[in-house]
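Number of protein chains: 2
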Amino acid sequence: MVEKVYGVGVGVGDEKLLTLKALEVLKKVNKVFVPISKKGKKSIAYEIVKDYIKDKDVEELLFPMIKDKEKLKEYWNDALKKILNEDGEVAIITIGDPTLYSTFSYIWKLLKENGINVEIINGISSIFASASALNIPLVEGDEKLCILPQGKDLEKYIDEFDTIIVMKTKNLKEALSKIKNKDDYIIGLVKRVTFDDEKVAIGKFDELNFDEFNDYLSLAIIKKVKK
Amino acid sequence: MVEKVYGVGVGVGDEKLLTLKALEVLKKVNKVFVPISKKGKKSIAYEIVKDYIKDKDVEELLFPMIKDKEKLKEYWNDALKKILNEDGEVAIITIGDPTLYSTFSYIWKLLKENGINVEIINGISSIFASASALNIPLVEGDEKLCILPQGKDLEKYIDEFDTIIVMKTKNLKEALSKIKNKDDYIIGLVKRVTFDDEKVAIGKFDELNFDEFNDYLSLAIIKKVKK
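Quick note, the sequences are listed as chains A and B, same order.
In my numbering, each residue carries its 1-based index in the first sequence increased by 421.
In my numbering, each residue carries its 1-based index in the second sequence increased by 421.
Careful: at least some of the hints might be erroneous.
Since the list gives no way to pick one copy over another, a pair counts as held whenever it fits inside one copy or between any two copies.
[Stated by the list, open to error] The list that follows gives simulated cross-link-like pairs (lysine-lysine, BS3-like), each with its CA atoms no further than 27 Å apart:
no., residue 1, residue 2
1, Lys530, Lys488
2, Lys492, Lys437
3, Lys448, Lys644
4, Lys625, Lys448
5, Lys449, Lys471
6, Lys594, Lys625
7, Lys645, Lys573
8, Lys591, Lys488
9, Lys594, Lys565
10, Lys449, Lys425
11, Lys589, Lys565
12, Lys644, Lys502
13, Lys425, Lys620
14, Lys565, Lys490
15, Lys471, Lys577
16, Lys437, Lys599
17, Lys573, Lys463
18, Lys577, Lys425
19, Lys601, Lys490
20, Lys645, Lys530
21, Lys648, Lys452
22, Lys503, Lys625
23, Lys502, Lys449
24, Lys577, Lys502
25, Lys459, Lys490
I should point out that these hints are in silico values taken from the structure, not numbers from a laboratory.
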């Protein structure tokens, strides 16, 4: 039976954004599990680390992007069974950081419920890598920050937080169109940060071509213009 | 004159949480600048990376923790002068990630204003490392998250966000005491995450001994109990 499961964040795209600890763990485990959302579809997390784990035993775990919770539970339980059947230490890789909107969190919960020793290896998150790509800080001093998936409640918080991150949507334009007084805000858009096809833009709402950012691996960083 | 300045996040304490890229940059630059808050006081960022940069030319930059903005500007301008006087590429190290409440952001702004090429090398932030230490996710699915320095406006947002992080204070108890209906929330406290003297606790407000967490490198992660 499995002794320990590492939840390893592999960062955002650039394979050099892996931590030394993540690399050490991937080298030492008996198997690396790779979550995929569809059979035959490439795993982004695997693409990031594949050069480091060439001789490693790798197995896919299928977590389809469906809403039906009962159906999803079947997939999680299948994954759990596969993991429990391993010997010694194994790793499950995930893009970004395993604690922030990660598919890993579902299987993490199940592993804990089953008394399995889980250790999280943090990874660089897209929220930080995107601020770097835009060459701006997320927050300074005593500023407040919030993350709103799909721009949920954006109109409510737009003037209360110094920085707002909108992520987890393919349609940033729609998510941000709720903003009134659009000229009062500077918006940074980043798509597929640190990948070869990374795209970055910064400006006011009407100056931006949102069409280039219709990708699930996109996010927006919104800041009020200081007057 | 200096050609390029790297703002390098060195993570939270464990030297293995450095990224491969950060290590590569620290090895190649001509000089590593180390921010300190007081003359003679050890730099935490330097302590994290010192074994990697034994033969490196290292220079301190003094950024005292004072409120007087005019006085602070003098220190920043002194630091800027030192950096501009270097040749080739240099690095400035900072704990955590350089985009989140970093001392680096002040000098970053000055460097940009002076037309200097700046590249940010992201680091593991305490917000992620603390969630790992607590063995809980920060946010899942479509949950909303906010970061409130010193617990600013905590009473306003406590029931609107799924997860609230309070940081940048030595007195978490005072910052969190504003919460009404304290039994409705699970609070995770983490001090000096991944350091040898790391401390972790999780529970309801009245179950926690806040005295053990009176440290600037502490934070609280607050979640509503799901009923």
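We went through each hint and held it up to the structure:
For the identical chains of this complex, Lys530 and Lys488 are intra-copy neighbours only, at 18 Å inside a copy versus 44 Å across copies, given an alpha-carbon limit of 27 Å. Taking the shortest Cα distances, Lys492 and Lys437 never come within 27 Å of each other, neither inside one copy (37 Å) nor across copies (39 Å). Taking the shortest alpha-carbon separations for Lys448 and Lys644, neither the intra-copy value of 41 Å nor the inter-copy value of 35 Å comes in at or below 27 Å. In the homo-oligomer, the alpha carbons of Lys625 and Lys448 never lie at most 27 Å apart, since the shortest distance is 45 Å inside one protomer and 39 Å across protomers.
In this assembly of identical chains, the alpha carbons of Lys449 and Lys471 lie at most 27 Å apart whether taken from the same copy (15 Å) or from different copies (26 Å). Taking CA atoms no more than 27 Å apart as the test, Lys594 paired with Lys625 passes inside one copy only; the shortest distance there is 12 Å, against 40 Å between copies. For the homomeric pair Lys645 and Lys573, the shortest alpha-carbon distances inside one copy (18 Å) and between copies (19 Å) are both at most 27 Å. Taking CA atoms no more than 27 Å apart as the test, Lys591 paired with Lys488 passes inside one copy only; the shortest distance there is 17 Å, against 42 Å between copies.
In this homomeric assembly, Lys594 and Lys565 come within 27 Å of each other (Cα to Cα) both inside a single copy, at 23 Å, and across copies, at 19 Å. In this homomeric assembly, Lys449 and Lys425 come within 27 Å of each other (Cα to Cα) only inside a single copy, at 12 Å, whereas the closest approach across copies is 37 Å. With identical chains, the CA atoms of Lys589 and Lys565 are at most 27 Å apart both within one copy (20 Å) and between copies (11 Å). Taking CA atoms no more than 27 Å apart as the test, Lys644 paired with Lys502 passes in neither setting, with 45 Å inside one copy and 30 Å between copies.
For a Cα distance limit of 27 Å, the shortest separation of Lys425 from Lys620 across copies, 22 Å, qualifies, whereas the shortest one inside one copy, 38 Å, does not. Taking CA atoms no more than 27 Å apart as the test, Lys565 paired with Lys490 passes between copies only; the shortest distance there is 20 Å, against 34 Å inside one copy. For a Cα distance limit of 27 Å, the shortest separation of Lys471 from Lys577 qualifies neither inside one copy, at 43 Å, nor across copies, at 46 Å. In this assembly of identical chains, the alpha carbons of Lys437 and Lys599 never lie at most 27 Å apart, being 37 Å within a copy and 43 Å across copies at closest.
Taking the shortest Cα distances, Lys573 and Lys463 never come within 27 Å of each other, neither inside one copy (30 Å) nor across copies (43 Å). Taking the shortest Cα distances, Lys577 and Lys425 never come within 27 Å of each other, neither inside one copy (43 Å) nor across copies (40 Å). When the C-alpha separation of Lys601 and Lys490 is checked against a cutoff of 27 Å, the pair qualifies neither within a copy, at 36 Å, nor between copies, at 33 Å. Taking identical chains as interchangeable, the C-alpha atoms of Lys645 and Lys530 lie at most 27 Å apart only when they sit on different chains, with a minimum of 17 Å there against 38 Å within one chain.
For the identical chains of this complex, Lys648 and Lys452 are neighbours neither inside a copy (54 Å) nor across copies (37 Å), given an alpha-carbon limit of 27 Å. Within a single copy, Lys503 and Lys625 get their C-alpha atoms no closer than 49 Å, and across copies no closer than 35 Å, so neither meets the 27 Å cut-off. For the homomeric pair Lys502 and Lys449, the shortest alpha-carbon distance inside one copy (22 Å) is at most 27 Å, but the shortest distance between copies (46 Å) is not. Taking the shortest alpha-carbon separations for Lys577 and Lys502, neither the intra-copy value of 43 Å nor the inter-copy value of 43 Å comes in at or below 27 Å.
Taking CA atoms no more than 27 Å apart as the test, Lys459 paired with Lys490 passes inside one copy only; the shortest distance there is 17 Å, against 54 Å between copies.
Of the numbered hints stated above, those contradicted by the structure are hints 2, 3, 4, 12, 15, 16, 17, 18, 19, 21, 22 and 24, listed in ascending order.
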